[in-house]
Amino acid sequence: MSRLDRGPDKKRNRGVGSLLADYAVPVIFIVISVVAIPLSDFSATYLIQELLVRIGRNSFLILSLLIPIMAGMGLNFGMVLGAMAGQIGLIFVSDWAVVGIPGIVLAMIIGTPVAVALGILCGEVLNRAKGQEMVTSYILGFFINGVYQLFVLYFMGWLIPISNPALVLSRGHGIRNAISLTGIRMVLDRLIPLQVGTVTIPVATYLVIAAFCFFILWFRKTKLGQDMRAIGQDMAVADSAGIPVNRTRVIAIVISTVLACYGQIIFLQNMGTLNTYNSHDQAGMFSIAALLIGGASVSRAGIGNVFLGVVLFHLMFIVAPKAGRNLMGEAQIGEYFRVFVSYGIIALALVLHAWKRLRDRAEARRSLRGPAGKE
Amino acid sequence: MRHFLRLLLLALVVLLGTWLVYIGREHQVFLDNKTIEVDGQSFRALKSVKVSVNGAEPVELLPRDRDLALVVGPAFRIRVEVMDEWGEEVVKTIDRELTPGFSRDMMLSMPLLAADREDWVRPSPTVQQEAP
Amino acid sequence: MLKKFIATAGWPRVIIGLFLLALFVTAPFVGVRISTSLSDTLVRFGMNGVMVLAMIPMVQAGCGLNFGLPLGVIAGLLGATMSIEFGVRGALGFATAIGLSIPIAAILGYGYGQLLNRVKGDEMMIATYVGFSSVAFMCMAWLLLPYKNPTMVWGYQGTGLRTTISVDNYWSHILSDFLSFKIGTFYFPTGMFLFFAAMCFLIWLFMKTKTGTAMTAVGSNPEFARAGGVNVDRMRVISVVLSTIFGAIGILVYEQSFGFIQLYMGPFYMALPTVAAILLGGASVNRATIFNVVVGTFLFQGILTMTPSVINSVLKTDMSEVIRIIVSNGMILYALTRKAQVKR
Numbered sequence: 001m002s003r004l005d006r007g008p009d010k011k012r013n014r015g016v017g018s019l020l021a022d023y024a025v026p027v028i029f030i031v032i033s034v035v036a037i038p039l040s041d042f043s044a045t046y047l048i049q050e051l052l053v054r055i056g057r058n059s060f061l062i063l064s065l066l067i068p069i070m071a072g073m074g075l076n077f078g079m080v081l082g083a084m085a086g087q088i089g090l091i092f093v094s095d096w097a098v099v100g101i102p103g104i105v106l107a108m109i110i111g112t113p114v115a116v117a118l119g120i121l122c123g124e125v126l127n128r129a130k131g132q133e134m135v136t137s138y139i140l141g142f143f144i145n146g147v148y149q150l151f152v153l154y155f156m157g158w159l160i161p162i163s164n165p166a167l168v169l170s171r172g173h174g175i176r177n178a179i180s181l182t183g184i185r186m187v188l189d190r191l192i193p194l195q196v197g198t199v200t201i202p203v204a205t206y207l208v209i210a211a212f213c214f215f216i217l218w219f220r221k222t223k224l225g226q227d228m229r230a231i232g233q234d235m236a237v238a239d240s241a242g243i244p245v246n247r248t249r250v251i252a253i254v255i256s257t258v259l260a261c262y263g264q265i266i267f268l269q270n271m272g273t274l275n276t277y278n279s280h281d282q283a284g285m286f287s288i289a290a291l292l293i294g295g296a297s298v299s300r301a302g303i304g305n306v307f308l309g310v311v312l313f314h315l316m317f318i319v320a321p322k323a324g325r326n327l328m329g330e331a332q333i334g335e336y337f338r339v340f341v342s343y344g345i346i347a348l349a350l351v352l353h354a355w356k357r358l359r360d361r362a363e364a365r366r367s368l369r370g371p372a373g374k375e
Numbered sequence: 001m002r003h004f005l006r007l008l009l010l011a012l013v014v015l016l017g018t019w020l021v022y023i024g025r026e027h028q029v030f031l032d033n034k035t036i037e038v039d040g041q042s043f044r045a046l047k048s049v050k051v052s053v054n055g056a057e058p059v060e061l062l063p064r065d066r067d068l069a070l071v072v073g074p075a076f077r078i079r080v081e082v083m084d085e086w087g088e089e090v091v092k093t094i095d096r097e098l099t100p101g102f103s104r105d106m107m108l109s110m111p112l113l114a115a116d117r118e119d120w121v122r123p124s125p126t127v128q129q130e131a132p
Numbered sequence: 001m002l003k004k005f006i007a008t009a010g011w012p013r014v015i016i017g018l019f020l021l022a023l024f025v026t027a028p029f030v031g032v033r034i035s036t037s038l039s040d041t042l043v044r045f046g047m048n049g050v051m052v053l054a055m056i057p058m059v060q061a062g063c064g065l066n067f068g069l070p071l072g073v074i075a076g077l078l079g080a081t082m083s084i085e086f087g088v089r090g091a092l093g094f095a096t097a098i099g100l101s102i103p104i105a106a107i108l109g110y111g112y113g114q115l116l117n118r119v120k121g122d123e124m125m126i127a128t129y130v131g132f133s134s135v136a137f138m139c140m141a142w143l144l145l146p147y148k149n150p151t152m153v154w155g156y157q158g159t160g161l162r163t164t165i166s167v168d169n170y171w172s173h174i175l176s177d178f179l180s181f182k183i184g185t186f187y188f189p190t191g192m193f194l195f196f197a198a199m200c201f202l203i204w205l206f207m208k209t210k211t212g213t214a215m216t217a218v219g220s221n222p223e224f225a226r227a228g229g230v231n232v233d234r235m236r237v238i239s240v241v242l243s244t245i246f247g248a249i250g251i252l253v254y255e256q257s258f259g260f261i262q263l264y265m266g267p268f269y270m271a272l273p274t275v276a277a278i279l280l281g282g283a284s285v286n287r288a289t290i291f292n293v294v295v296g297t298f299l300f301q302g303i304l305t306m307t308p309s310v311i312n313s314v315l316k317t318d319m320s321e322v323i324r325i326i327v328s329n330g331m332i333l334y335a336l337t338r339k340a341q342v343k344r
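Respectively, the protein sequence lines represent chains A, B and C. Every letter in the first sequence is one number past the one before it in our numbering, and letter 344, counting from 1, is 344. Every letter in the second sequence is one number past the one before it in our numbering, and letter 76, counting from 1, is 76. Every letter in the third sequence is one number past the one before it in our numbering, and letter 46, counting from 1, is 46.
Quick caveat, the hints were computed from the structure, so don't treat them as lab data. Everything numeric in this text was worked out from a predicted model, so none of it was measured. All the given hints hold, so there is nothing to weed out.
Computed list of lysine-lysine pairs in DSS-like fashion (alpha-carbon distance at most 25 angstroms, straight line): (1) A:K356 / C:K120; (2) A:K130 / C:K120; (3) B:K34 / B:K50.
Distance windows between CB atoms, simulated: (4) A:L169 / B:D67: 25 to 31 angstroms; (5) C:L21 / B:A11: 44 to 50 angstroms; (6) C:V314 / A:A331: 41 to 47 angstroms; (7) C:Q157 / A:R220: 50 to 56 angstroms; (8) A:G197 / B:G87: 43 to 49 angstroms; (9) C:R287 / A:R365: 24 to 30 angstroms; (10) B:H3 / A:G131: 33 to 39 angstroms; (11) A:V34 / B:H3: 57 to 63 angstroms; (12) C:V314 / A:R247: 41 to 47 angstroms; (13) B:K47 / A:Q195: 41 to 47 angstroms; (14) A:G131 / C:G229: 27 to 33 angstroms.
Take a look, some chain C residues computed to stay more than 12 angstroms from chain A by CB distance: (15) P28; (16) T36; (17) F86; (18) I102; (19) A106; (20) P150; (21) H173; (22) A227; (23) S309.
A virtual CB, placed ideally from N, CA and C, is assigned to each residue, including glycine.
Bound-form chain A, shown alone (with noise of 0.2 angstroms):
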């Protein structure tokens, strides 16, 4: 009801101003990929090819953000947990020597119970933090992750029994620094193989990720969606009209933790290797960093968003490097480039969405002076 209400209020609001705002971030990208791409000098098969591998590596990863945003809880920087839950599943797969589809479905399977508690875990704890939601799930994140490695480091092949030596420090307990998954290296990606010329795409990985955009226009129209939707509008409004708010809000947070671990293990079955290590915190920031980039804000985000947001992150990543190489004759400075943009993009995009929210808010307070003025 109260979207109805808000609905075209909304867009009465918006100025010039505010429109320029909501796709800046879209806006400067493309401009640095027009100026970059001729100065890298790749051919336009190259970038295709690319930018379809990543595609499909990156995109279930970014779209397992967009629940919690629904819900307004912000960008869920909790996604790690996913990641690590992912992992860890891959690590018991390749310890048992599970390969193929099998392998992958298996390592789902066992994410999923790990990344369902983590997920609750994660939902309890931003429910003791209304309103410091991101930077609550970024620690979080960390904090995790000091758990995850004292459990993959110290009682892998300790406490749990790990029977594949290659996987092991030679110490003899904790699993090694990098991890090689040959046996379901893109399994996923080769699964239905299509050729077009000399680009190869991985189709099933599309299909996968096409299941999962009907999901969230489905899950939307849902009862649960509605109720995250109204509670991102207003959670005491949602509260006062009989939605379990606290509870919503973390099952929110578990089905994105949940689809995070399977968005990592497809990640990682493109990639072949797991960086037992940093794998996940790469998975976080870049997914975030991506789907800003696409021109979502912390408050709303669409299927759309992803896919800009993927395209345009990626081909940044792909070209910044030999552009920096050709322009300053250092290819570390298209490293350290590309490094400061996806800082900076979330830190423009996290500046700009502050920065609307407070002007809406003056604004509501304004026009709700003004009537009262009048009278």
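We have chain A already, so just place chains B and C on it with the hints.
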């Protein structure tokens, strides 16, 4: 009732997991053509033998050779062609089907197989090396 | 009595305090020398103290925990590298470094403060990413800035600063060795502690001034402060500038004791341990005192120095890194979740 359904679901998931391990497990199969001593008897390495796993391109093993084949799933077929001394003509063809099931790795001894013994499937050498 | 103490101190602090106590008690039994570990703890306390102190102004003014500390650190690094570039050695060199970094920190802090004023309520998250992106930006700058001094520049290229620069011939241990003394294996960096005490005094003095009390008023109740005629935004900017300046001085103190300047991704994760330390000392997201800084830094650095030596000799594995991650982030998490509970 609710609890029962949940338990049932859990059991189904565990069953699914087990089935996935069963069909998806990768086995390292060592194909071994070395002289081997069993029950006080000595079985000499074959002069030349061609081995094909799951109908793949056959590999030729000379005496003291050992090769590694990776197979996925609970069962696989193996065709062994024992050649004459010059490696030109097939003396004997043996077709077998093996079911490693949930077990991990194994070593297949060619001399024992050629002698029609039942114990030609040996534990994998990686397991033996780990023991001490 | 005991219950009340636990309630005021908070469970995590009690647990961590007991943990540290247990470490000190077990240390002699596993062959770790108390005197060395105590002096290590004190040295690290002195190294990090000023940076932790930098949290106070912003917390007091209601800007939250300064996750943007790397910005101050960058100002300090610029000051340090410039003092070396100019070839000023000894105490004068260190003074130059401080003198150069303060105006830089003030400018950066002013801009940062203006930014934070426009994003009230989201300061901490934005501060984190402002810190990260400024570190990444400086990575490019370190490569491009026209430094010439051969101790700092990559030898074969002649341009771009090294990742770590030794300050040995410039102002290494300039504070630490001032009036320092040794009793057996126990070393006490007197100068560094005197400097830290002076900085604490400065903060204390500032908090007693009219501006300081106004700042605290802004932090505890902005509406009330506004009604009382205090310019809230201005107070907040002042607090951010102060925090940034102290961050810059803090990293210089750290470097003179450490002996190296760490550039590039070095300052990246500086903020988290500092934030954790002050929280460990009993500060909350909107209230912090010098006492919190002293206690927190001592506890935190104590754990950092004691865990590797003690745990390693007991378990024969190095778990210190994992314990550091869990303790520091657990502490921050505790503080973040508590604040909201009190509010509701």
